[in-house]
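S.K.: Spelled out, the chains give:
Protein chains: 2
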Amino acid sequence: MSSDRSPPISRRALLSLIGRSAGGAAMYQAMTSLGLAAGSSFTGPPRLEGAKPGTSVLILGAGIAGLVAAYELRQAGYRVRILEYNDRPGGRSWTIRGGDTYTELGGQTQRCGFAPGQYFNPGPWRIPFHHRAVLSYAHRFGVALEPFVQVNYNAFVHSSKAFDGRPQRYRHVQSDFQGHVAELLGKATSQGALDGTLTLEDRQRLLEGLRGWGALDAQYAYRSGAPSSEHRGYDVDPGGGLARSAVPSTPVGLSELLKGEVWRAIATGQEYDYQSALFQPVGGMDMIAKAVAQQVGSLIRYRAKVTRIAQDDRGVRVTWADAMHDGALHTERADWCVCTIPLSILGQMELQVGAPMRAAIDAVPYDASIKIALQFKRRFWEQDDAIYGGISYTDLPIDRIAYPAHGYGTAGKAVLLGAYNFGPNAYEFTAMSPAQRIEAALDFGSRIHPQYRSEFDQGFSVGWHRVPYTMGCFGLWSDAARVEHYRNLCAIDGRLVLAGEHASNLPAWQEGAVLSALDAIERLHRKAMA
Amino acid sequence: MSSDRSPPISRRALLSLIGRSAGGAAMYQAMTSLGLAAGSSFTGPPRLEGAKPGTSVLILGAGIAGLVAAYELRQAGYRVRILEYNDRPGGRSWTIRGGDTYTELGGQTQRCGFAPGQYFNPGPWRIPFHHRAVLSYAHRFGVALEPFVQVNYNAFVHSSKAFDGRPQRYRHVQSDFQGHVAELLGKATSQGALDGTLTLEDRQRLLEGLRGWGALDAQYAYRSGAPSSEHRGYDVDPGGGLARSAVPSTPVGLSELLKGEVWRAIATGQEYDYQSALFQPVGGMDMIAKAVAQQVGSLIRYRAKVTRIAQDDRGVRVTWADAMHDGALHTERADWCVCTIPLSILGQMELQVGAPMRAAIDAVPYDASIKIALQFKRRFWEQDDAIYGGISYTDLPIDRIAYPAHGYGTAGKAVLLGAYNFGPNAYEFTAMSPAQRIEAALDFGSRIHPQYRSEFDQGFSVGWHRVPYTMGCFGLWSDAARVEHYRNLCAIDGRLVLAGEHASNLPAWQEGAVLSALDAIERLHRKAMA
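Listed in order, the protein sequences are those of chains L and P. If you want our numbering, it's the position in the first sequence, counting the first as 1, plus 1253. If you want our numbering, it's the position in the second sequence, counting the first as 1, plus 1253.
If you're looking for bench data, these hints aren't it; they were derived computationally from the structure. All residues carry an ideal CB built from backbone N, CA and C; glycine is no exception. Fair warning: there could be bad hints in the mix.
[Said to hold, decoys possible] Restraint-style ranges between C-beta atoms, simulated for each label pair:
1. P:Arg1706 to L:Gln1547: 34 to 44 Å
2. L:Lys1512 to P:Gln1472: 24 to 34 Å
3. L:Arg1586 to P:Arg1706: 49 to 59 Å
4. L:Ser1413 to P:Leu1453: 15 to 25 Å
5. L:Gln1472 to P:Arg1567: 52 to 62 Å
6. P:Thr1452 to L:Ser1413: 18 to 28 Å
7. L:Gly1550 to P:Gly1352: 38 to 48 Å
8. P:Ser1443 to L:Gly1665: 53 to 63 Å
9. L:Ala1664 to P:Arg1735: 38 to 48 Å
10. P:Gln1472 to L:Ser1413: 30 to 40 Å
11. P:Thr1503 to L:Arg1776: 28 to 38 Å
12. L:Asp1488 to P:Arg1779: 25 to 35 Å
13. P:Gly1370 to L:Gln1472: 49 to 59 Å
14. L:Lys1512 to P:Pro1618: 43 to 53 Å
[To be verified] Example chain L residues on the side facing chain P (calculated, C-beta under 8 Å, incomplete):
15. Trp1466
16. Gly1493
17. Gly1765
18. Ala1773
Start from the sequences, fold in the hints, and give me the full structure.
M.R.: Dropping the structure here:
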């Protein structure tokens, strides 16, 4: 059908090219020096040579930052212990499966009855290709990864402000927005609007490019026909034998697309953080944290609630309550401390640090976010709508619907993400009871998938401001706060250093937490060696 | 970092929206009547009720078309037999693994020494979401599917005509082409070029959209800074703790992009046939054919080379040579015949059909194509270049390099697709010996991946014009030939009907073969019942 290929080359040119292609090593030098292989600031595990024997480090929190810090410090020869509030590793890198129970702040308990193999990641759920630190730990500990489908051209884009509220296919709005832009720029080019900006040769090449890229026809128009249908799809696809002929589809007008602000949805998958390839661990995001935890399992004390952090020039003293034994208080001492407790909690705790770090801790509010998982009796989004993985976007308060990127085509119950939002919408949903949240997610989602009500089985929600000992989704740095406080938050205060996504320039991402931990322990190591 | 979210909504608006969202069933009616759920002409398995007991159908070829025809006809009560030239099912839907041997026309034999778990699909290798017939058979017989990564923003786009021959990251050329287009159209809009075309309100909305979609800055310029780096990526990514600050990247100029014709590469993934989500069967494309073959295994006679097809008004007589027994000739009789033998072979065979079908068979040449698989000692494309799956494009004769979409992050040897081209390039490569092809693929590929020579382990190639009893990749219909001959090719001729990708409007795709087979047997059934 379409031409996924390059122009031909003659045999002579082919052999000539083969002859000229020597010098691969020299070329690689050039590429590397040009930064083609660079990007991530992760350059491998930290170098922590020569730790003084017996030096102890207490790590607060067994989220991904604390786990990685513990693993690397112990590798380097430190005596390491971890205190963790929950009864599991991972922190916000958390996966809920059938049989799990969760009690949120306010006392409401949810019991998860999802089918075997189904799961819900209330926190991180995708790993971009450039998050090389997280990927490296996944690779190192043998965590199987599979693609996370972000962009699905057959998913929906829904705007209550356009198309009479009818959901549109992503491929339609993607193709049509681009096609109209190409047509308009082509017209402007032909009419001389770019004569002072581009050379004649470039204008000709641009017109040719706009036609191909924009799916314009021979007259540089974006309209119903083979070129546009090769991008947006047909009303009736080409078939086999003597079946009815293909029927081209008809583009949506630009005015309606602009009213619906559909460019917001189609730009998302083009952002660096959401570009393919993205990944998810097979079986749930917590597989990575669990794999690191398996390496340092004996070092972790679970259900230990830290209540006070004190320090002097000889070490740290951390008071914690043992939830396994009626909250009995204990004190743990160590030479050094890596604290990964969220600032939302740390700010309320008795904490012996200097004024600059204290001010930094108080300067960072936490963003609200909620995720609502819905289990349905069958994969109607695949069976009825041919949507396999990916995300439908809406301007309704649920913000999006994300389809499972595993188990494609299987029968039986399956879980999708029925809401995932931030800010005011998230506060509204978090304020509801778990049952009310499900109802709201079903009501809104029914506008995109009318099958919702008849196919619904059960749901589960996590509003991050109600998660005990977390109380927020991620540190919401303002630009001003970052300028004034970021270095003070990250600087070692006596014998204490903070780590976690809040102590990074990649907030809300596991990569930020891991890079923060690696940077923190390298600096701590240098100070301990001094 | 970036805002994968919608604008907020007040609690009152939220509750109001919930209240108004009744009527899901009515809405689904509306959606369905608007064709939102349509597209594919596949509407489920064929209805073949009431077959006359004992009626026999002989199927020629156990490729995906023949297998599906056999399965459905037998389900309907027909007596079915299949004759297949190869010693395996699947035809061009073929997977080569370690231990396999292949002798091409000309007599050269290749032995595959790929590592366990590695494989090579010389034929089809991806299944678009809208190929619902193929997907339905995969689902029905429990074939596990995983995403095929088509677009990889971190793969390369390489043009020997631009960038001094240096490969560019896909994310750079994608972001920069779109960004420059947005900036140019923004300028034209601001300067009044669209005043007669769009309303003032639409012009304002368009400017806002171009800024977001094109990653323009506050002055509607596409240049180095946070907005463009949020699309194309940074020179140094944001990191953790006190690591060095992020460094924005610098866009490439439009002139160089136009010279390199990079829009060809970035438009490919936007074509209907290559839009996400695409799939591949876990373990190799032949898993689908094998799964159908398992249902009809007892009906298949392998290594049976059909040499003559005769028919009269009572039935068909097919002569075949038994390669298991020195080519002994046999004759198979049946009431009806479904022939899926490629036209490239059928055209050379003694075949008793009318002049219209004969002319149609002779009117369709077969396109050349070759694929070259290369096994390397390690996944340097992942480890060194952070390319996980997807495709790098080049204007060199290898046309593209495709990275394996399975086993991400694993150690050990791995196979990539080092060349996949059509037309003249494919003829050139097919004319070489298998060893020469590998050398050429390595030479060309080294310009994109300098690690090629030092990491190479072994290769395997299939040039379709040298595949015995296939002799070509797919039926290359011209528009004129299709107008004149297509219906004559597909029409039942006496007791014979043709099926396969060549008898479809989806050439070169398995979906075309399957839809062709389903359409053919439905018509055959109606004729047999008449």
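S.K.: Should the hint that P:Arg1706 and L:Gln1547 are 34 to 44 Å apart at their CB atoms be regarded as holding?
M.R.: Once the Cβ atoms are compared, 39 Å apart, the range 34 to 44 Å for L:Gln1547 and P:Arg1706 holds.
S.K.: Closer than 8 Å between Cβ atoms is the bar; does L:Trp1466 clear it against chain P? Give me holds or violated.
M.R.: This hint holds: L:Trp1466 lies near chain P, its Cβ roughly 4 Å from the closest one there, short of 8 Å.
S.K.: Are L:Gln1472 and P:Arg1567 spaced within 52 to 62 Å by their CB atoms?
M.R.: 56 Å, holds
S.K.: Should the hint that P:Ser1443 and L:Gly1665 are 53 to 63 Å apart at their CB atoms be regarded as holding?
M.R.: Holds: the Cβ-Cβ distance is about 55 Å, inside 53 to 63 Å.
S.K.: Does the Cβ pair L:Lys1512, P:Pro1618 satisfy 43 to 53 Å?
M.R.: 49 Å, holds
S.K.: Given the range 24 to 34 Å, decide if the beta-carbon distance of L:Lys1512 to P:Gln1472 lies inside it.
M.R.: 25 Å, holds
S.K.: Taking 18 to 28 Å as the stated bounds, is the beta-carbon spacing between P:Thr1452 and L:Ser1413 within them?
M.R.: 22 Å, holds
S.K.: Is it true that the C-beta distance of P:Gly1370 to L:Gln1472 lies inside 49 to 59 Å, as the hint says?
M.R.: 51 Å, holds
S.K.: Honestly, do P:Gln1472 and L:Ser1413 meet the 30 to 40 Å range at C-beta?
M.R.: 32 Å, holds
S.K.: So the hint says 49 to 59 Å: do the beta-carbon atoms of L:Arg1586 and P:Arg1706 match that?
M.R.: Hint holds: Cβ distance 57 Å, inside 49 to 59 Å.
S.K.: Would the hint on L:Gly1493 stand, with a C-beta cut-off of 8 Å toward chain P?
M.R.: 3 Å, holds
S.K.: For the hint 15 to 25 Å, verify it against the beta carbon of L:Ser1413 and that of P:Leu1453.
M.R.: Given about 24 Å between the Cβ atoms, the range holds.
Every hint from the earlier list agrees with this structure, and none is contradicted.
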